[in-house]
Every structure is written in C-alpha cells, then in structure tokens.
Amino acid sequence: MLKDIIKKEILETITSAKFVFTFLLCAILILLSVYTGIVNYRADQKEFSAAVALNKKNLESQSSYQALAGLGTKINKPPQVLGAISTGVDEAVGRVATVNIAYDPSLVDSKYESNPVFSVFGALDLTFIVKIVLSLFAILFTYDAIVGEKEKGTLKLTLSNRVPRDRLILGKVIGGFISLLIPLIIPLILSLLILLVYPNISLAGQDWLRLLLMFLMFFLYLSVFFTLGLLVSARTSKSSTSFLVLLFIWVIFVTIIPKLSVMSAGRLKPIPSVHEITAKKDAFLQQIQSGAQKQVMDWAKENSAMAAKDRKGYQEKLRKFLEDWQQDLTSKIDENNAALERDYQAKKKSQERLAINISRISPASALTFSTMSFARTGLDEHERFLASIRAYKPIFTKWASAKMMRTIDFSGSGQTAKVVLDDMPQHKFEPETLSKSLARTIPDFGLMLFLIIVFFAGAYVSFLKFDVR
Amino acid sequence: MLETINLTKRYEDGQLAVDHLNFKVEPGEIFCMFGANGSGKTTTINLFLNFIPPTEGTALIEGIDVTKEPLRSKDFISFVSENVTLYGNFTAFQNLDYFTKLAGKRGLTKADYAKAMNSVGLQEEAFDVRTKNYSKGMRQKLGLAIAIVKDAPNILLDEPTSGLDPKSGQEFLNLLIQMRDKGKSIFMSTHDIFRAKLIADRVGFMKKGRLVIMKTRQELEGEDLTELYIQYMEERPESELKP
Numbered sequence: 001m002l003k004d005i006i007k008k009e010i011l012e013t014i015t016s017a018k019f020v021f022t023f024l025l026c027a028i029l030i031l032l033s034v035y036t037g038i039v040n041y042r043a044d045q046k047e048f049s050a051a052v053a054l055n056k057k058n059l060e061s062q063s064s065y066q067a068l069a070g071l072g073t074k075i076n077k078p079p080q081v082l083g084a085i086s087t088g089v090d091e092a093v094g095r096v097a098t099v100n101i102a103y104d105p106s107l108v109d110s111k112y113e114s115n116p117v118f119s120v121f122g123a124l125d126l127t128f129i130v131k132i133v134l135s136l137f138a139i140l141f142t143y144d145a146i147v148g149e150k151e152k153g154t155l156k157l158t159l160s161n162r163v164p165r166d167r168l169i170l171g172k173v174i175g176g177f178i179s180l181l182i183p184l185i186i187p188l189i190l191s192l193l194i195l196l197v198y199p200n201i202s203l204a205g206q207d208w209l210r211l212l213l214m215f216l217m218f219f220l221y222l223s224v225f226f227t228l229g230l231l232v233s234a235r236t237s238k239s240s241t242s243f244l245v246l247l248f249i250w251v252i253f254v255t256i257i258p259k260l261s262v263m264s265a266g267r268l269k270p271i272p273s274v275h276e277i278t279a280k281k282d283a284f285l286q287q288i289q290s291g292a293q294k295q296v297m298d299w300a301k302e303n304s305a306m307a308a309k310d311r312k313g314y315q316e317k318l319r320k321f322l323e324d325w326q327q328d329l330t331s332k333i334d335e336n337n338a339a340l341e342r343d344y345q346a347k348k349k350s351q352e353r354l355a356i357n358i359s360r361i362s363p364a365s366a367l368t369f370s371t372m373s374f375a376r377t378g379l380d381e382h383e384r385f386l387a388s389i390r391a392y393k394p395i396f397t398k399w400a401s402a403k404m405m406r407t408i409d410f411s412g413s414g415q416t417a418k419v420v421l422d423d424m425p426q427h428k429f430e431p432e433t434l435s436k437s438l439a440r441t442i443p444d445f446g447l448m449l450f451l452i453i454v455f456f457a458g459a460y461v462s463f464l465k466f467d468v469r
Numbered sequence: 001m002l003e004t005i006n007l008t009k010r011y012e013d014g015q016l017a018v019d020h021l022n023f024k025v026e027p028g029e030i031f032c033m034f035g036a037n038g039s040g041k042t043t044t045i046n047l048f049l050n051f052i053p054p055t056e057g058t059a060l061i062e063g064i065d066v067t068k069e070p071l072r073s074k075d076f077i078s079f080v081s082e083n084v085t086l087y088g089n090f091t092a093f094q095n096l097d098y099f100t101k102l103a104g105k106r107g108l109t110k111a112d113y114a115k116a117m118n119s120v121g122l123q124e125e126a127f128d129v130r131t132k133n134y135s136k137g138m139r140q141k142l143g144l145a146i147a148i149v150k151d152a153p154n155i156l157l158d159e160p161t162s163g164l165d166p167k168s169g170q171e172f173l174n175l176l177i178q179m180r181d182k183g184k185s186i187f188m189s190t191h192d193i194f195r196a197k198l199i200a201d202r203v204g205f206m207k208k209g210r211l212v213i214m215k216t217r218q219e220l221e222g223e224d225l226t227e228l229y230i231q232y233m234e235e236r237p238e239s240e241l242k243p
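Protein sequences appear in the order of chains A and B. Per our numbering, the first sequence starts with residue 1, numbered consecutively. Per our numbering, the second sequence starts with residue 1, numbered consecutively.
One chain only, chain B, in its complex shape (with noise of 0.2 Å):
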C-alpha cells in the first residue's frame, strides 16, 4: 500500500510543489494521477523514492516511513519511468539480470527472465538484441518486466505511456491491470486520459500541488473525464470549480 500524509515539498526557491498531500493507493487498485506539468506529480514520485526529502508530512511504502528507512522502503517498491533508457549496450537478459540483482533477488535464470519478458510481449528474438535499437515501447516493455521480476507490491509509474504508440499503449495498460489484479498497488503520473480511463480505479487531479479532486470509477460513470480534465487544468478560482 502506498499512502502520503500532508506531504508537502517546498524547493529552496520556495517554489511549493507538493502542498499537504493525503491520499492511499490501496493493493489490486490502480491510482491515476492527473495534472498540468508543474503540478507535482513527478514531485510526488520522487518523495516516494526519498530523492527528495520532504518539507513536511510523510510518505509511506506498506507502512515504512521513506525518509526513516528509504533502503528498506524500496524493497516494497518498482519503479518504471516516463522513458526507460537502460543500458543501451546491453541486451534486454543483461538489462533485467543487472536490475534484478540489484533489487536484491538472487539466483533466477534466463528461463525466468525468458518468461517475465514474454509476459509483457517482448518477442524472443529480442531478448539478446541490445536495448540501443530497442523503440520506445519495447523499452517500456522491458521496464515493466524488471517491475515484475522485481515483484514489489507497489509500483510507481512516472507517465508510462507518452510517446507509445496506441498498440503499444494499449498492451501495455493490459499487463498493468495484470498486476493490478495480482493485487500490487499502483500509482500512476499521467496526461493520457484516455487510456487512463480504462483502467484507473481512482483518479486525482494535482494543481500547484494540491490534490483538488479525487474520484472513484464509479464516480467517474457518466462523467466526461475530458471535460473534467480541462476544467481543473485551467486557470480558474478553486471556489468557481465543480466538486
């Protein structure tokens, strides 16, 4: 479970990107977090991994205070950013078995790193290709797999989809509500509405920091997520916007 209490982060220009944020991603739900760039999103994402310290508040991994115990909190966590570079001279095997060892996780073999890239829809034939001449969705791909092989409960998504092609996009939520329905928690940084629509279980709205709205799917029925986007991204009083 992922859960922040009053998180607050001020930089040193005393810029506030994150202002007393509270909310819980809890396992076998995904989280959708939406907003402007700026808003604190990516803020949020890096208290989480405590590459930032926080002003105020806490942000807490399966309960484990991340400025307390940051080692061990990042037992409990994967990671996959908006773009997964790796290394570029190494295939997608070296890739996975060199993030694999360093999460801790000893003795698998290529069998196993065989099956966790076939299980995100990494064709074979590019398991021993470098990851330089990977696409972007590949490489996402493979991302996602070092998560798996991981097998952290919670899993921290910094806008996974931009850039990806709809197929790719597509597949990718797939193995997402996957995991999801392996009962990880998932929190997820987005603009991609659309696709964040099928599959969010929540949804929240950061704007200059804040978490302004906070809506469940059910809540979300018969709602236009569009127009709600548009809404809370642009610049209007607080008081003028819909609850």
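Isolated chain A (complex conformation) (with noise of 0.2 Å):
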C-alpha cells in the first residue's frame, strides 16, 4: 500500500503543470549558473596567472631595493573551482593586496568595487537558486498536500478505505520528496557533467567530496522547506491559509532572520570603525617617527668626530646603524600595528561569529555558510587568506629592508644593486583542510536536522489528528 501511496505521490506530481513549470525553470537555472560559475572561474583562472606574471615582472624590473620595498609586492587570492557552485564572499571582498615595507596590507579590488551594480543583486549561483527558488518550489509543492487533498474530497474517499494515517503521510513525505528532488537531481547530474567535460576544469577528490557534501546541505535544507509545508499544510483548514502561512516564513527565514542578525550583532558587540584604527596607526607612526628622527640626530652627533677621521669606517658603521635602526623601526611599527590589527580582528571576528550564530536559527543562513565552508569561498577562509598575507607582511619587510640597507651607495657613483628576486621569500597559503571545513559546518547540519525532525513529527502527529471532514 506505501508503494502505491508513493506511486500515486509521484505520478500526481510529475503529470501536473507546475511539475512542468518547475522542472524546465529548475534545469534551466542551475544549468546556466553552474555553467555562468565555471565560465568565471576559468575568466579568473586566467586573471590570477596574468596578475601573478605581471606581479613578477613588475619586481624584477624595478631599479632598486629601495623601489621595490615602497611598491612591494602583490598577493593574488588565487580563484576557488567550488566557486563556480557557491560565489560566498568571493566577489564583494578584495582579491588582491599589496605588501610592502610601509602599509598594513588589506585586500582590495573585489570584483564588486570595479561593477558596484553587481552587489544589490548578489551573484546567481546554485546556492542562490536553492535558497531561494528551489525553496520557493518546496513550498509550492507541499502547502496543499493535506489540506488541498481535504478540500478536493480525496482525503475522505481515501480514508475511507483500509488506509492507516500514519502509511498515508509516510507514502506522502516520500513520494512527494521524490518528485521534489526529480527537478533538482537531473540538472545537477547535468551540471556535474558540464564540469567533468569542461577544459581545463580539474577538480581533485576532496573537491568532489566538498561537492556531495553541498548538495547533500542541499538536499536537507529543501528538506526542511518541504517537511515544514507538511506540518502547515496539516494544521490549516484552508490550502490558500497554509499558502500565506508558509509565505511568511519563508520570508522570515530567508530574508529577515539573517538580515536582523547581522544588525544584533552590531549593537550588542559594536567594533571601532577602521578609520579609528587607521587614525591610531598613524598617531603611532608620528610618534615613532620623531623619536627615530631623534635617534639618528644623536648618533650623527656622536660620531661625528670618526667622520672626520675615518670616512670609510664611518660609513660602514652608518650602514651598520641604519640596518638595525630601520630594522628597530619598522618591527616596532609592525608590532603596534599588527597588536592593532589583533585587537580589531577580535572584535570583527567575535560580532561576526555573534551575526553568524544569531542568523543560524535560518536554515536559509545555515545553507549559506554551510556551502561557503565547503567551497572554500566564505569569510573564514578570506580571514584566513588575509591572516597569511600579514604574516607574511614582517618576512617581506625584513627581507626588503636588510636587502635595502645592504645596498646603500655611499660612494656616490649612483650605481645601485641589480635586484635579484631569487632569495625573495613567497608568500604561502594553504586551504583550509575538509576536516576543518567538515567540523565548521556541524551545527548547520545539525541545525538542518533537527528542524526537519521537529517539522516532520509536528506533521506526522497533527495529520494523526487531522479532521478531514
């Protein structure tokens, strides 16, 4: 009888019109923004190795030591091939910083700085469609799927056989989901196609398994959105009743919630603004400055018997005094800076972490992170990426200013030391592991999980007693 319950489920769905409808506007969105997603990860593959040649071009043609510490060098953040399933943050934070010997570098020039129209839309990738079309779907597949068999009658004529309720919900759930997952499985079997067969598209193991595992958050959160329109659509009387009521959720858990929380957590844990941070750098700087200006002061007047004596001990000894005097200054710098840094880092990271824990009571905000994890494209991972370019900022300094000071000319001759790149330390950034990813995305599974128990039962128990009169 389940199997005829599920039949029946599947075959009711898949015959009416907006199976149809959704079918066609499903293939057609995922296809095309998996396709559109590897499309611009291949335009930013290339964009990355362009910018890294040219980076390294730039280096090797610069004059001096002395050039190439103030214009230091660019670190590209290099493209993720999950980015083309979820965008994350990807396209509003900046993908390039410049590290030299002067400025705490950030990274700028995201893609939405240079198309600023870009960023009131936000991009159209398949966690997208998910979280908002295939939710959509969800809801229209279930809001009736009680209370609209109650208003056509068939509720009655089916009970009134040998039909036990609890078979009858479990044949619904099923066969329903199924005809739920037919739109979603065949484009995404298609997209996963489109990837294999792609050139120059590699993913490697733990890129695939990155993979399932967003398509099983997938599968959960429609499942939530699905179980949620039984239990609505078994505690109303009125189909368009259950229609409105689930409307309003949904609005609730995919736009309010994770907009509110993110305004929360800026009240309740307020951050200095970065040009506080900025203002306090400087003054530090202006501070250290003077004092240093001083330092060199005393010491000329100290030695400025030996000068007269010994011109080239003198020199030597000067060279000597400002490698260690840049040196003092600059890892003072750093050091007040990178505590500043620390600090406001904190802070950032502690509201962020309150903005994401608030919002993770929508499983719209749950999808959303959970994926970003996955792909590698969400804030932690862009936390991490500009971690490694600060810590690298003090090796590059001190790389720079030893080589600058090697090379003071003070014979006069104006011949300056051929730049040789080759002893120049790299930067290096490993992607976070997906074990690290795996144990990130636990309370979102989780979270998933237990709203599709918490629905599910409210809906298995309210049909048990459900008046389908």
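Bear in mind the hints are in silico, worked out from the structure with no lab data behind them. As the structure is a computational prediction, the values presented were derived from the model and not from experiment. Treat each hint with caution, since some may be false.
Said to hold, decoys possible - Distance condition first, Cα-Cα at most 27 Å in a straight line; then the derived DSS-like pairs of lysine-lysine:
1. B:K101 <-> A:K3
2. A:K156 <-> B:K115
3. A:K294 <-> A:K332
4. A:K7 <-> B:K24
5. A:K156 <-> B:K101
6. B:K115 <-> A:K3
7. A:K301 <-> A:K281
8. B:K215 <-> A:K152
9. A:K156 <-> B:K105
With the hints as a guide, bring the two chains together.
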C-alpha cells in the first residue's frame, strides 16, 4: 500500500503543470548558474595567472631594492573551483593585497568594486537558486499536500478505505520528496557532467567530496521547507491560508533573520571603525618617526668625530646603524600595527561569530555558511588568507629592509644594486582542509536535521489528528 | 448491514450534531435520510467512517464497531461523496486503479476496470481522459465505479445526486437500484426527495441531530413526500408534527 501511495504521489506531481514548469525552470537556472560559474572561474583563473606573472615582471624591473620595498609585491587570491557553485564572499571582498614595507596589507579590488551594481543583486550561483527558488518550489509542492486533498475530497475517499493514517503521511512524504528531487537531481547531474567535460577544470578528490557535501546540504535545506510545508498543510483548514503562512515563514527565514542578525550583532558587540584604527596607527607612526629622527641625529652627533677621521669606517658604521635602526623602526611599527589589527580583528571576528550564530536560526543562513565553507569561499577562508598575508608582511619587510641597507651606495657613484628575487621569501597559503570545513559546518547540519525532525514529527502528529471532514 | 445504536455526537462548541440515533440498513435496502443543512446527515456518515469519534453510542458496519476496529470496518464500506473530484491529473483508469489498490484489491486488469466503468455508463473514450476534464455527472459515475470495484457490502452516499442534470441523476439512481438488487446496504443522505422517492425502501427525517420520523416505502404510498419534507423541515414544535 505504501508503494501505491508513493507511486500515486509521484505520478500526480509529475503529471501536473506546476511540475513541468518547475522542472524546466530548475533545469534552466541550475545549468545556467553552473555554466556561468565555470566560465567565471576560468576567467578568474586566467586573470590570476596574468596578475601573478605581471607582479613578477614588475618586481624584476625595479631599479633598486628601495623602489621594490616601496612598491611591494602583490599577493593575489587564487580563485576556487567550487566558487562556481557557491560564490560566497569572494566577489564582495578584495582579491589582491599589496605587501610593502610601509602599509598594512589589505585585500582590495573586489569584483563589486569594479561593478558596484552587481552587489545590489548578488551572484546567481547554485546556492542562491536552491536557497531562494527551490525552497519556494518546496513550498509550492507541499502547501496543499494535506489540506488540498481535504478540499478536493480525495482525503475522505482515501481514508474511507483500510488506509492507516501513518502510512498515508509516510507515503506522501516519500513520494512528495522524490517528486521534488527530480527537478533538482537531473540538472545537478548534468551540471556535474559539464564540470567533468569543461576544458581546464580539474577537481581534486577532496573537491568532489566537498561538492557532494554541498549537494547533501541542498537536500537537507529543501527537506526543511518540504517538511515545514507538510506541517503547515496539516495544521490549516484552507490551502490558501497554508500558502500564506508558509510564505510568511519563508520571508522570515530567508530574508529577515539573516539581516536582523547582522544588525543585532552590530548593536550587541560594536567594533571600532576602520578610520579609528587608521588614526591610531598614524598617531603611533608620527610618534615613533619623531623619536627615530632624534635617534639618527644623536648618533650623527656622537660619531661626528669619526666621520672626519675615518670616512670609510664611518660609512660602514652608519650602514650598520641604519640597518639596525630601520629593522627596529619597522618592527616597532609592525608590532604596534599588528597588535591594533589583532585587537580589531578579534572584535570583528567576535561580532561576525555572533551575527552568524544568531542568523543560524534560519536554515537559509545555515545553507549559505555551510556551502561557503565547503566551497572555500566563505568569510573564514577570506580571513585566513588575509591573516597569511599579514603574517607574510614582516617576513617581506625584513627581507626588503635588509636588502635596502646592504645595498646603500655611499660612494656617490649613482650605481644601484641589481634586484635579485631568488631569495625573496614567498607568500604561502594552505587552503582549509576538508575535516576543518566539516567541523565548521556541524552546527549547520545539526540545525537542518533538528528542523527536519521537528517539522516532520509535527506534521506526522498533526495528520494523525487531522480533521478530514 | 449498517446500524447505529444511540449514536450521539456533540462537538466541542457544545453543538449537538447527532442525538441518540437508532436505525438499521438491511442488506438489499436503500435508506434515504432527509434533513436540512446541519441536521446531522453528513455527521452520521462521518461517524460511520470514523472521521470523528462519537460522544456516545455506536456505529456498526457488518456488526463491527467502527471506533474499536476502524480499519477492519472499512473493508466493508464504500463511500461516494457529494462532489467526487478524484485526482484531476489522473485518467479514470488511474484513479480507479489507485483507489482499488487502497481498498486492498489486487490483480485486477484493465478489462475489469473497463467493465466497472461500462456498468456505470461511462463511455470508453472517457477512460483515458484526465478526470479534471470530466463533468460532475461523469465524476459521480466514476465514484460509483470505484465503489463497484471495491464490492463492499455497504455503501454510504453523501448527497450524490446534488448538482446532477436530470438524465445523469436518473442514470445514477438506476445504478443504485442495481447495487441494491445485488444485496448491498445503501445509506444515502439527500435533499432530492423526487429522486429518492423512486428508489428508497425506507426514508428518515433528521432534525437537529434527531431522527424524527422513519417511513417504509409502503407507508409512503399515498403520502405526499414533498409536503412531509416541508412539514418536518419547518421550525415547528415536535408535538405538532404528524406521526
């Protein structure tokens, strides 16, 4: 009997106009989004390679280490192949950071900077389609699953037979969910085929696992709205009421909670503005620079006698002094800036965590955060990348300062040392491992499963008591 | 056989929908229950189908208490509602097949379904048509075909002829007569006194949940059923009513 009910649910849905419409729209949107994502990824990849090559060429063409230290090296964020599925924050945050001896590095030149209009609408990636479009379809498939049958009279006719209610609701859940998955699974399989056959797209073993976990999250997310639809359908007496209630909950989940969580976190845990931090950095810089100038003048005064007696010895001593002085100066600035930055980042992170945790009440947020984590396009990955650049900054500064000081020309010949990059320390960044991403998404999996169980249990119990008249 | 013993239903808001109802529908009998809207006819059917629990008393189908053995009792009952809508995207065959399987009947062929649909007067060209394109008369006939295939000894009909054109209504009644002649116990709630008079073996009048009068076909001979109906449906003190 269960098989018959499941079969009927599937057949009834797939022969309906709403299924045909859903299937076509899903197929078009999913394939379009994945294809666009892949094309964008390829373009980003080319841009990344070109930027790395250009940076190398720029560094090599510098006339001196002083010029190189001032210009700095550019660190480009490599594009993530799974960004084709979940763009995350990658388009909103910067893609390149300049590391030089003067300023604290920060990522700039985001895609939205160059095309601000895109930030208004966001990316049309697969996560967006599942989060917005497919969740609405899940509601569309279930809002009348029970109450609609009551209105049609088929529920009475069904239950006038030897049909246990628990089996009927189980059949409706299984059949309905299979019907909902068909418009999702077929385009997803086709998308995977595109990923496989598209030239120069290579997914490592871990990437496939990440992709499967993202798909699993999509299914869980849709299950939340599917079971919610059944619950509301079993708790209302009109399908129009059921639809309105579901639409209201959907708006709360998908748009209100995520926005409110960010606003609440901002109120509950305020952080200093970037301008305040910059002002503090500038104040320290001015203070240390005036001290450092005095230090140089004192040194010159102390050693003025030597300058007249032993010019070569004096130059050598000055070089040594300047090298140490420069190292000391930059390390003090770096330490202060790093401390300010650490404090700012800690506060910012705490605010972000609060916002994320509040917004996790909504399955839409849980879906967004988890898929971003799996795609390595989330806030954490961005911060890890930025942290790696900040960690690289003192290494680069030390190397550049040492090179500058060692190549000071006191002879006045005008000759500068040729820039050699062989021993220049390279920036290293290890992407997050799958186990860490998985650990980060456990609350999201947990929330989804919790909501599915609660909604399903609610629908199940409500249907057992449902007034079929 | 269908039977009620002191069957009573009082809703949570205090409304007494069915008040100590006692009647039997014997095999091979058509029992037509009249009554104004809200008199308790449909509630009686809902009590038989165990869609609502009785406050007091018992509804029996083939001697089975529907509250004690709801699932087993449903093996012995078919139900045709006022407005059989079925699954609109399914063809008549598909609807019939689904409800037959729910009734626990297995192994029936398309020919068996065609025979049942032929017997209720559905044209063959309509078998593969989606039922959303059916007229109300066709849907009612298909509802009856479902009952025929289930072949339960008892049939409950909730105002089955309302909204049917005269021809379809007459065809429908003829089908009920055929089923009665096969020994089915048929309980029909209706407002359609003209058609009911043609087929009813007994009629009952319900008012405010109570069965106020019951008459056999013989007792009805020479009586004007319309006048009787109007008399019982009017708001008159029960003492003034003709016995």
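Going through the hints against the structure:
no., hint, result
1, B:K101 <-> A:K3, "holds (10 Å)"
2, A:K156 <-> B:K115, "holds (25 Å)"
3, A:K294 <-> A:K332, "holds (16 Å)"
4, A:K7 <-> B:K24, "violated (39 Å)"
5, A:K156 <-> B:K101, "holds (16 Å)"
6, B:K115 <-> A:K3, "holds (26 Å)"
7, A:K301 <-> A:K281, "violated (30 Å)"
8, B:K215 <-> A:K152, "violated (34 Å)"
9, A:K156 <-> B:K105, "holds (19 Å)"
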